[in-house]
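Student: One-letter residues, chain by chain:
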Amino acid sequence: MANTPKGQNEVIFHSIHLPESWKLANYLSVGGYDALKKVLAEKMPPDEIINQLKISALRGRGGAGFPTGLKWSFMPRNYEGDKYLVCNSDEGEPGTFKDRDIIRYNPHQLIEGMIIGGYTLGAKVGYNYIHGEIWEAYERFEEALDEARAAGLLGRNILGSGLDFDIHAHHGFGAYVCGEETALLESIEGKKGQPRFKPPFPASFGLYGKPTTINNTETLASIPYIVKHGGQKFLELGKPNNGGTKIFSVSGHVNSPGNFEVAMGTPFSELLAMAGGVRGGRKLKAVIPGGSSVPVLPGEIMMQLTMDYDSIAQAGSYLGAGSVIVMDDTVCMVRALERLSYFYFEESCGQCTPCREGTGWLYRIIHRIEHGLGRPEDLDLLDSVAGNISGRTICALGDAAAMPVQGMLKHFRHEFEHHIQHKKCMV
Amino acid sequence: MLTPESLKKIDREVAKYPPEHKQSAVMSALRIAQDEKGWLAPETIAFVAHYLGMQPIAAQEVATFYNMYDLKPVGKHKITVCTNLSCTLMGAESAVEYLQRKLGIGFGETTPDGRFTLKEGECMGACGDAPLFQLNNKKICANLSPETIDAILAGLD
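Protein sequence lines correspond, in order, to chains A and B.
Using the numbering used here, the first residue of the first sequence is number 1, and each one after it goes up by one.
Using the numbering used here, the first residue of the second sequence is number 1, and each one after it goes up by one.
No wet-lab data here; the hints were simulated from the structure.
Just so we're clear, the structure is a prediction, and the values are computed from it rather than from any experiment.
Hints are supplied without guarantee of correctness; some may be wrong.
If you want the ones that stay clear, here's a sample from chain A, every Cβ over 10 Å from chain B, calculated [to be verified]: (1) Thr4; (2) Ser15; (3) Met44; (4) Arg149; (5) Gly160; (6) His170; (7) Lys191; (8) Arg196; (9) Pro199; (10) Gly280; (11) Arg339.
No more than 25 Å apart at the CA atoms, straight line, and that leaves these computed lysine-lysine pairs for DSS-like [stated by the list, open to error]: (12) A:Lys23 <-> B:Lys139; (13) B:Lys22 <-> A:Lys210; (14) B:Lys22 <-> B:Lys8; (15) A:Lys6 <-> A:Lys239; (16) B:Lys72 <-> A:Lys191; (17) A:Lys6 <-> A:Lys228; (18) B:Lys16 <-> A:Lys192; (19) B:Lys9 <-> A:Lys191; (20) A:Lys191 <-> B:Lys76; (21) A:Lys191 <-> B:Lys138; (22) A:Lys192 <-> B:Lys102; (23) B:Lys22 <-> A:Lys54; (24) B:Lys22 <-> B:Lys9; (25) B:Lys138 <-> A:Lys192; (26) B:Lys22 <-> A:Lys124.
Cβ coordinates follow ideal geometry from the N, Cα and C atoms, glycine included.
Please take these sequences and the hints and turn them into a complete structure.
Tutor: Printed below as a string of structure tokens:
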């Protein structure tokens, strides 16, 4: 590529070119832990750190896009007793694979972000909940914690400052729903990962019933940059209300799948080119822009969009965790949706009736359409079931199951009708 | 019931949590027990529960909720293939077909010699490296092709 894309590897993957970039010595060689040292040396007031986060327009990278500075301001300041910071590295939504690479290639930046979080929020302990399927990343994170402790960067009296903060890794074991923050807390408590009814929110009743802040891996790993360079510089990397860079995970029908860290607001067409374009030079049919839960968008609409929360939302979908699934013109949308619906059926925790029963209904109806047994009334039935799940469950897994169905029926209804009428695929 | 090595590993996990919340270590303790025993028999789950001072039913709930625990015996090597959307778009079906033909078993089955169990898995969070499988809950084997599958399986005892 002739020009370096804006913001490429600016915040998170800046050291990825180093051999063994995950080692402490290598992180220190590129200014690692400078932000923490600055916080401790200047005794930066927590309010000032939160203010910089607000200026930065950093929004939650796990998918919800909630402003991080605002979230941190919800933690009770004068609470006597334990408070917790929890990092959510339980990424298991189809299409999502960025947190694994952050942990594999730059674990110390995440640790540094968490320590600054502990300092700001008044927590003494943090947990990083790591997706069960990525054991090697869990081991690497444990090694990084050991390195940080041995160097006096973590644990008691960090760098002689009097600050106590320790981090532990918690290994998941295969449950998508634990990516939901309150299910994740239940899981750390050693229970089934079933989401809690909110309110109370974790900032008042979180882990072990104590005030808790939960942030995504990429969010926390962005904190050192903001503290070091100021919120304004981070904001200017992206666009208003969508600060910073974002790691986009591109998978599916592209020549070079992988993670690409670029500025928020990068045109989708540029991102697609970075991923080597559509495989085999075929036509772009559709894109799921933010992970399997968000509505699919036709390729021609995607090619007009920029990759940021507001642009994708205006087109009727979500940026989510920046997990971009690319589909070429060989893809049967009925089959694609059948596989996704099976996933939500399989992963529903069973707590809420609309989700437990509804995800099964959705899967069975789409399965019969795919297998030539669809009925004329099935599309209305899908609409009805999806509509009756949405907004009627404790957590967002129900909405996550309904949105792909609604998106497919909105943009590719004719393919479903063709399947029902002709008992076979039109692709 | 578990070896001193396993108990030591469990103790290390317990130390991560407040003393009054030993139950937090149950997921890791069950994983460690499964690594040693190959699978989680009801008596193994009960042992772990007692060790952590929790009700056996509470540990049983955890063991049945998370899908990487094996509640029945599995082969010496468990191969869990992701077949979700990204992986399927990137060739998971061919990989599954090749594995099933090579091993002569379908999903949920174990080879007669007890060496391999094949399972269908959900998203591992590694879609960029698809098609892929997870080996024995520990290692992600990526960018599968007939050649890489042959090489991986040939390297196993």
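Student: Run every hint past the structure and note whether it holds.
Tutor: Structure-based check of all given hints:
no. : hint                  : in the structure
1   : Thr4                  : holds (21 Å)
2   : Ser15                 : holds (19 Å)
3   : Met44                 : holds (29 Å)
4   : Arg149                : holds (13 Å)
5   : Gly160                : holds (25 Å)
6   : His170                : violated (7 Å)
7   : Lys191                : violated (7 Å)
8   : Arg196                : holds (15 Å)
9   : Pro199                : holds (23 Å)
10  : Gly280                : holds (13 Å)
11  : Arg339                : violated (5 Å)
12  : A:Lys23 <-> B:Lys139  : holds (21 Å)
13  : B:Lys22 <-> A:Lys210  : holds (17 Å)
14  : B:Lys22 <-> B:Lys8    : holds (14 Å)
15  : A:Lys6 <-> A:Lys239   : holds (12 Å)
16  : B:Lys72 <-> A:Lys191  : holds (21 Å)
17  : A:Lys6 <-> A:Lys228   : holds (20 Å)
18  : B:Lys16 <-> A:Lys192  : holds (19 Å)
19  : B:Lys9 <-> A:Lys191   : holds (20 Å)
20  : A:Lys191 <-> B:Lys76  : violated (28 Å)
21  : A:Lys191 <-> B:Lys138 : holds (22 Å)
22  : A:Lys192 <-> B:Lys102 : violated (37 Å)
23  : B:Lys22 <-> A:Lys54   : violated (37 Å)
24  : B:Lys22 <-> B:Lys9    : holds (14 Å)
25  : B:Lys138 <-> A:Lys192 : holds (22 Å)
26  : B:Lys22 <-> A:Lys124  : holds (18 Å)
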